[in-house]
Amino acid sequence: MNLILFSAIWGVGMMLGGLFIKNRSAAKNMALLGALLLTSGNLLELNGFAVFKSDFNGMLDYNRFGLLYLTVLSVALIFYFLLSGKEIEAVGKHPFEYFALLFFVMSGVGLVALFNNLLVLFLGIEIISIPLYILTGSDKRNLKSNEAALKYFLMGAFSTGIFLLGIAFLYGGSGSFRLQDLMLQQGDQYIVLLLIGVVLLLISLSFKVSAAPFHFWTPDVYDGAPTVFTSFMATIVKAAFFIGFLKVFSGAFSGLSENWRPSFTIIIVLTLLIGNITAVYQQSVKRMLAYSSIAQAGFMLFSVYASNDLAEQSLLLYAAAYCLSTIGLFAVLIKMNDYTFEGFNGLAKKEPLLAFVASVCVFSLAGIPLTAGFFAKFYVLSAAMKSGANLWLVIFAVIMAAVSVYYYFRIIAAMYFKEGGEQVLVTTPVYKWALMLVVVLILLLGVIPESALLNWLVLY
Amino acid sequence: MTLLLLLFIPLAGGITTFFLKGDKQVKSWSLLIALASLAVMGYNLYAWNELPKTYSVQWLPLLGSSFALKMDGTSALLSLLTGLSYPIIFIATLRNEYASVNRFYGLMLLAQAGILGVFLAADALVFYFFWELALIPVYFLCSQWGGEKRIAATFKFFIYTFLGSLFMLVGILYMYYQTPDLSFSLEAFYDLRLSAAQQSWLFWLLFAAFAIKMPVFPFHTWQPDAYEQSPTAVTMVLSALMVKMGLFAVLRWLLPIFPLANVQYAGIVIGLSIAGMIYASILAIQQDDLKRLIAYSSIAHIGLMSASLFIPNNSALQGAIIQFFCHGVNVLGMWIVVDLIEKQTGTRKMSELGGLAQKSPTLVILLVIVSLANIALPLTNAFIGEFLMFNGLFQYNVWIAAAGGIAIILSAVYTLRMIQSVFYGTTNGVTEKFINIAWNEAVGLSIIVVAIFMMGLYPEPVFRLTADSVTAILGFIK
Numbered sequence: 001m002n003l004i005l006f007s008a009i010w011g012v013g014m015m016l017g018g019l020f021i022k023n024r025s026a027a028k029n030m031a032l033l034g035a036l037l038l039t040s041g042n043l044l045e046l047n048g049f050a051v052f053k054s055d056f057n058g059m060l061d062y063n064r065f066g067l068l069y070l071t072v073l074s075v076a077l078i079f080y081f082l083l084s085g086k087e088i089e090a091v092g093k094h095p096f097e098y099f100a101l102l103f104f105v106m107s108g109v110g111l112v113a114l115f116n117n118l119l120v121l122f123l124g125i126e127i128i129s130i131p132l133y134i135l136t137g138s139d140k141r142n143l144k145s146n147e148a149a150l151k152y153f154l155m156g157a158f159s160t161g162i163f164l165l166g167i168a169f170l171y172g173g174s175g176s177f178r179l180q181d182l183m184l185q186q187g188d189q190y191i192v193l194l195l196i197g198v199v200l201l202l203i204s205l206s207f208k209v210s211a212a213p214f215h216f217w218t219p220d221v222y223d224g225a226p227t228v229f230t231s232f233m234a235t236i237v238k239a240a241f242f243i244g245f246l247k248v249f250s251g252a253f254s255g256l257s258e259n260w261r262p263s264f265t266i267i268i269v270l271t272l273l274i275g276n277i278t279a280v281y282q283q284s285v286k287r288m289l290a291y292s293s294i295a296q297a298g299f300m301l302f303s304v305y306a307s308n309d310l311a312e313q314s315l316l317l318y319a320a321a322y323c324l325s326t327i328g329l330f331a332v333l334i335k336m337n338d339y340t341f342e343g344f345n346g347l348a349k350k351e352p353l354l355a356f357v358a359s360v361c362v363f364s365l366a367g368i369p370l371t372a373g374f375f376a377k378f379y380v381l382s383a384a385m386k387s388g389a390n391l392w393l394v395i396f397a398v399i400m401a402a403v404s405v406y407y408y409f410r411i412i413a414a415m416y417f418k419e420g421g422e423q424v425l426v427t428t429p430v431y432k433w434a435l436m437l438v439v440v441l442i443l444l445l446g447v448i449p450e451s452a453l454l455n456w457l458v459l460y
Numbered sequence: 001m002t003l004l005l006l007l008f009i010p011l012a013g014g015i016t017t018f019f020l021k022g023d024k025q026v027k028s029w030s031l032l033i034a035l036a037s038l039a040v041m042g043y044n045l046y047a048w049n050e051l052p053k054t055y056s057v058q059w060l061p062l063l064g065s066s067f068a069l070k071m072d073g074t075s076a077l078l079s080l081l082t083g084l085s086y087p088i089i090f091i092a093t094l095r096n097e098y099a100s101v102n103r104f105y106g107l108m109l110l111a112q113a114g115i116l117g118v119f120l121a122a123d124a125l126v127f128y129f130f131w132e133l134a135l136i137p138v139y140f141l142c143s144q145w146g147g148e149k150r151i152a153a154t155f156k157f158f159i160y161t162f163l164g165s166l167f168m169l170v171g172i173l174y175m176y177y178q179t180p181d182l183s184f185s186l187e188a189f190y191d192l193r194l195s196a197a198q199q200s201w202l203f204w205l206l207f208a209a210f211a212i213k214m215p216v217f218p219f220h221t222w223q224p225d226a227y228e229q230s231p232t233a234v235t236m237v238l239s240a241l242m243v244k245m246g247l248f249a250v251l252r253w254l255l256p257i258f259p260l261a262n263v264q265y266a267g268i269v270i271g272l273s274i275a276g277m278i279y280a281s282i283l284a285i286q287q288d289d290l291k292r293l294i295a296y297s298s299i300a301h302i303g304l305m306s307a308s309l310f311i312p313n314n315s316a317l318q319g320a321i322i323q324f325f326c327h328g329v330n331v332l333g334m335w336i337v338v339d340l341i342e343k344q345t346g347t348r349k350m351s352e353l354g355g356l357a358q359k360s361p362t363l364v365i366l367l368v369i370v371s372l373a374n375i376a377l378p379l380t381n382a383f384i385g386e387f388l389m390f391n392g393l394f395q396y397n398v399w400i401a402a403a404g405g406i407a408i409i410l411s412a413v414y415t416l417r418m419i420q421s422v423f424y425g426t427t428n429g430v431t432e433k434f435i436n437i438a439w440n441e442a443v444g445l446s447i448i449v450v451a452i453f454m455m456g457l458y459p460e461p462v463f464r465l466t467a468d469s470v471t472a473i474l475g476f477i478k
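Top line first, the protein sequences correspond to chains A and B. Residue numbers are given in the working numbering: position 456 of the first sequence equals residue 456, and the series is strictly consecutive. Residue numbers are given in the working numbering: position 71 of the second sequence equals residue 71, and the series is strictly consecutive.
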């Protein structure tokens with residue numbers, strides 16, 4: 001609750017601040033302060049101190065997993081502001097408003113992580129989406145940005161409609177919106193209505209997490225949006241939708257897993273295949289990262305698929321690993337003038353630290369041991385295997401992981417083994433320290449994932 | 001504790017090397033580190049009746065994985081090979097110039113830590129960690145300091161081995177869920193009683209990773225390119241040490257866990273290995289580039305070892321384990337010679353070389369000894385290993401032993417032909433300016449020659465060191 005409350009208030013505060021504070025660069029510091037506030041508030045709640053104790057008649061559920069997940073995302077937000085705050089200010093004329101919108105998104109994220117009622121989930125998804133439509137189009141003079149915003153808005157509205165229809169069917173079948181009442185079983189009355197509801201929710205949530213074949217908006221929107229906001233959408237927002245997905249399917253609908261798992265398997269296979277294979281052919285790193293985010297979503301879908309005791313652990317770890325690595329890589333990318341692979345040529349010579357950080361992030365995304373990404377992939381595959389997933393599905397996933405090495409390592413090859421590039425990158429000491437901190441966290445999660453993160457979930 | 005030190009020295013040494021400056025400083029520091037790790041290894045061997053040594057510390061308790069190391073006779077032998085190779089490599093390539101020398105030597109030492117980790121790991125997850133980690137520094141070394149086509153060749157190598165390791169990871173995960181108390185430890189895996197059906201496909205998941213690393217025909221296609229394009233110091237690490245990772249993994253992680261599948265598939269693996277031997281030998285005869293020639297000759301030697309590992313008798317296994325060491329030492333000698341020829345003449349093509357014997361008699365004597373060891377002449381170390389392996393092969397199947405024998409004859413053909421075309425004949429414009437061998441290369445080669453004769457004349461200590469592992473393996477198979 002702390003996080004939802006604080007982010008809403010801070011968002012309003014920042015909006016008002018825009019009216020009175022003339023110094024543009026105050027926005028970034030104020031936002032950073034807000035992110036710290038969110039994180040500490042959330043940590044306090046994790047330890048039993050909440051400003052506001054009500055659960056609104058069972059609408060919200062302050063479980064440990066949800067709160068810990070929010071902590072991970074708010075820490076990611078701190079890094080996002082530290083690394084990209086300057087670029088957010090530089091997007092347009094109204095820096096305070098961009099930050100305000102980002103805080104509104106965070107309060108939606110809080111709702112999605114803590115919901116206990118499908119209506120709250122719906123509210124959360126909408127609160128996340130609407131500011132994002134605006135942020136996507138925030139580069140007003142750029143046609144691509146406009147197009148992306150429109151496309152995102154139309155497709156998003158469509159998927160929202162499907163989501164509502166699904167809720168309606170579920171309500172029709174069970175008479176409730178609460179997750180506890182939606183613990184569906186095979187022999188339920190009105191099973192047909194419930195199943196239709198499940199399918200509709202599956203479609204609309206797949207759309208939100210950009211799983212194939214509902215992914216078509218992703219590359220265009222990620223490519224068209226200002227790069228800073230792509231970084232935000234691809235990480236924190238995507239991870240937030242995944243916890244909603246997990247709580248609905250792996251939680252409430254696990255009794256019907258026999259019914260939805262076959263279609264889910266197809267979604268996973270398509271997502272991994274399309275994400276990875278298409279990423280191989282990209283020439284722009286930004287677009288490659290858009291497809292790679294689809295591919296990574298394919299792995300996260302395994303946690304939802306597994307719906308066992310490892311599902312929560314694996315998603316938590318994956319979200320942490322993926323958010324940190326992607327934010328780190330985007331932070332380096334944003335500094336470039338040239339977003340093609342050639343733009344990275346010779347970076348190791350000019351900026352050894354940036355090249356090193358980018359390599360660690362790339363290793364983590366590819367799932368090389370000693371980085372967080374390895375254990376993330378390890379846990380999701382382990383969860384899938386524990387749930388009795390078909391072994392071929394797991395083998396297919398690892399083959400796709402090997403494919404992903406191809407496009408990820410092109411960045412490393414460009415940075416370290418190729419000459420050229422006269423770009424001058426403007427960096428600050430704070431930026432560099434933040435990058436180092438990202439690396440430390442990635443390595444920490446890659447060596448001792450249990451003491452660094454998972455023990456907090458399991459041992460209490 | 002000494003086991004941990006064995007990993008820690010190259011790891012810490014490698015990281016500190018990144019921050020050093022100056023050619024001389026970096027080289028002497030890394031040599032010091034390599035010698036220190038050899039000393040620790042020497043101490044381990046000195047107290048060899050304490051073997052098998054183990055070390056274990058809690059790592060991921062919820063998951064059931066601990067940071068467990070175990071040094072038995074075979075891993076002691078291979079660790080010794082690693083400990084010995086590094087100083088030799090550093091001494092023999094002392095005069096090589098590298099751009100950003102601190103990074104080069106730092107990565108070399110990190111690779112050493114990874115390789116030693118593979119030889120010592122007694123927990124499947126730790127094993128997987130080191131298996132992958134050994135690869136990363138080598139990837140950077142080859143891609144940055146290699147030949148013209150280095151990026152593509154290394155990339156092929158990387159993707160190949162990475163895919164293999166991922167298959168292995170799936171296999172490990174599956175076995176993990178079969179252990180009664182969910183553990184990754186070696187003992188738990190040894191206690192598994194998998195059904196014949198499970199074994200038959202798990203075997204291939206793991207063997208794929210190992211076969212790519214060795215490499216066994218037909219998974220070998222990355223190897224000649226990678227060897228040719230890598231800087232020679234790295235090629236030495238690749239061929240003397242990294243291929244042993246695959247062979248050793250078969251011994252520790254495959255044979256004891258899948259006894260039924262071994263019997264079932266031994267024929268296929270042995271057939272592939274022997275076919276690979278002949279195939280690689282024929283290709284070696286046709287090579288003009290010295291590096292490629294040795295690369296193919298290496299595939300042939302590895303083929304014999306991988307075939308012997310799957311023959312369940314004392315002689316073949318013992319021979320293979322001894323040959324792990326001998327092949328490592330001999331191939332190192334070959335690479336040192338290639339490196340110094342290339343440095344002085346600027347070419348590796350046999351057709352452009354000739355008459356070096358007149359210019360450098362010392363080099364010829366040393367090289368001929370190493371080459372004769374390469375074709376396993378009696379009195380040299382490789383004879384012991386190859387004789388035992390052939391003895392085992394013969395007991396297994398006469399025809400297969402005969403086919404293997406052809407490959408040995410072919411190996412004499414290409415090795416002697418190489419000596420002939422590089423060292424005899426008349427000098428030409430390229431070789432005219434060749435000066436005698438430098439002191440550091442002479443030291444490196446002399447150590448190797450001493451090792452060759454020592455093991456060729458008195459292999460008894462090695463037999464005693466590895467006898468336990470052989471009996472243990474045979475116990476699992478029966």
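Simulated from the structure, these hints should not be mistaken for lab results. Predicted, not measured: the structure shown is a model, and the values here were computed from it. Be careful, since some hints might not be right.
Cut-off 30 Å, straight-line C-alpha distance, at most; resulting in silico cross-link-like pairs (DSS-like, lysine-lysine) [stated by the list, open to error]: (1) B/LYS359 x A/LYS349; (2) A/LYS418 x B/LYS349; (3) A/LYS335 x A/LYS418; (4) A/LYS350 x B/LYS433; (5) B/LYS478 x A/LYS349; (6) B/LYS21 x A/LYS432; (7) A/LYS418 x B/LYS359; (8) A/LYS418 x B/LYS478; (9) B/LYS359 x A/LYS350; (10) A/LYS349 x B/LYS24; (11) B/LYS156 x A/LYS418; (12) A/LYS144 x A/LYS28; (13) A/LYS349 x B/LYS149; (14) A/LYS140 x A/LYS53; (15) A/LYS93 x A/LYS22; (16) B/LYS343 x B/LYS433; (17) B/LYS359 x B/LYS343; (18) B/LYS433 x A/LYS418; (19) A/LYS350 x B/LYS349; (20) A/LYS386 x A/LYS432; (21) A/LYS386 x A/LYS286; (22) A/LYS349 x B/LYS433; (23) A/LYS286 x B/LYS149; (24) A/LYS350 x B/LYS149; (25) A/LYS286 x B/LYS156; (26) B/LYS156 x B/LYS433; (27) A/LYS418 x B/LYS21; (28) A/LYS349 x A/LYS144; (29) A/LYS432 x A/LYS350.
Listed next, the stretches of chain B that the computed footprint assigns to chain A, with coverage defined by at least 3 CB atoms under 8 Å from CB atoms of chain A [as the list claims (entries may be wrong)]: (30) 122–136; (31) 153–167; (32) 342–349.
Computed from the model, here is a short list of chain B residues facing chain A with C-beta under 7 Å [to be verified]: (33) LEU62; (34) VAL170; (35) LEU377; (36) LEU379.
Where a beta carbon is used, it is the ideal one built from N, C-alpha and C, also for glycine.
Does the interface hint hold: is B/LEU62 within less than 7 Å of chain A, judged Cβ to Cβ?
holds (5 Å)
Compare the distance between the alpha carbons of A/LYS349 and B/LYS149 with 30 Å, and conclude whether the hinted pair is satisfied.
The given pair, whose Cα atoms are some 21 Å apart, holds under the 30 Å limit.
30 Å limit on alpha-carbon distance, applied to hinted pair A/LYS432 and A/LYS350:
holds (14 Å)
For the pair supplied as a hint, A/LYS350 and B/LYS349, confirm whether the alpha-carbon distance does not exceed 30 Å.
Answer violated: A/LYS350 to B/LYS349 is near 37 Å, above 30 Å.
Is the straight-line distance between the alpha-carbon of A/LYS350 and that of B/LYS149 30 Å or less?
Roughly 24 Å separates the two Cα atoms, so the pair holds.
Taking only the CA atoms, is the gap from B/LYS359 to A/LYS349 under or equal to 30 Å?
With a Cα-Cα distance of about 42 Å, the restraint between B/LYS359 and A/LYS349 is violated, given a limit of 30 Å.
For A/LYS286 and B/LYS156, compute the direct alpha-carbon distance and say whether it is at most 30 Å.
Measuring from Cα to Cα gives roughly 25 Å; hence the hint holds.
Within 30 Å, alpha carbon to alpha carbon, are A/LYS93 and A/LYS22?
Answer holds: A/LYS93 to A/LYS22 is near 12 Å, not above 30 Å.
Run the distance test for A/LYS286 versus B/LYS149: straight-line Cα separation, threshold 30 Å.
holds (28 Å)
Hint consistency between B/LYS359 and B/LYS343 [alpha-carbon to alpha-carbon, up to 30 Å]
holds (15 Å)
Pair hint A/LYS386 and A/LYS432, alpha-carbon separation not exceeding 30 Å
violated (41 Å)
Holds or violated: A/LYS144 and A/LYS28, Cα atoms, limit 30 Å.
holds (26 Å)
Checked against the numbered hints listed earlier, the structure breaks hints 1, 4, 5, 7, 8, 9, 14, 18, 19, 20, 21, 22, 26, 28, 32, 35, 36; every other hint is satisfied.
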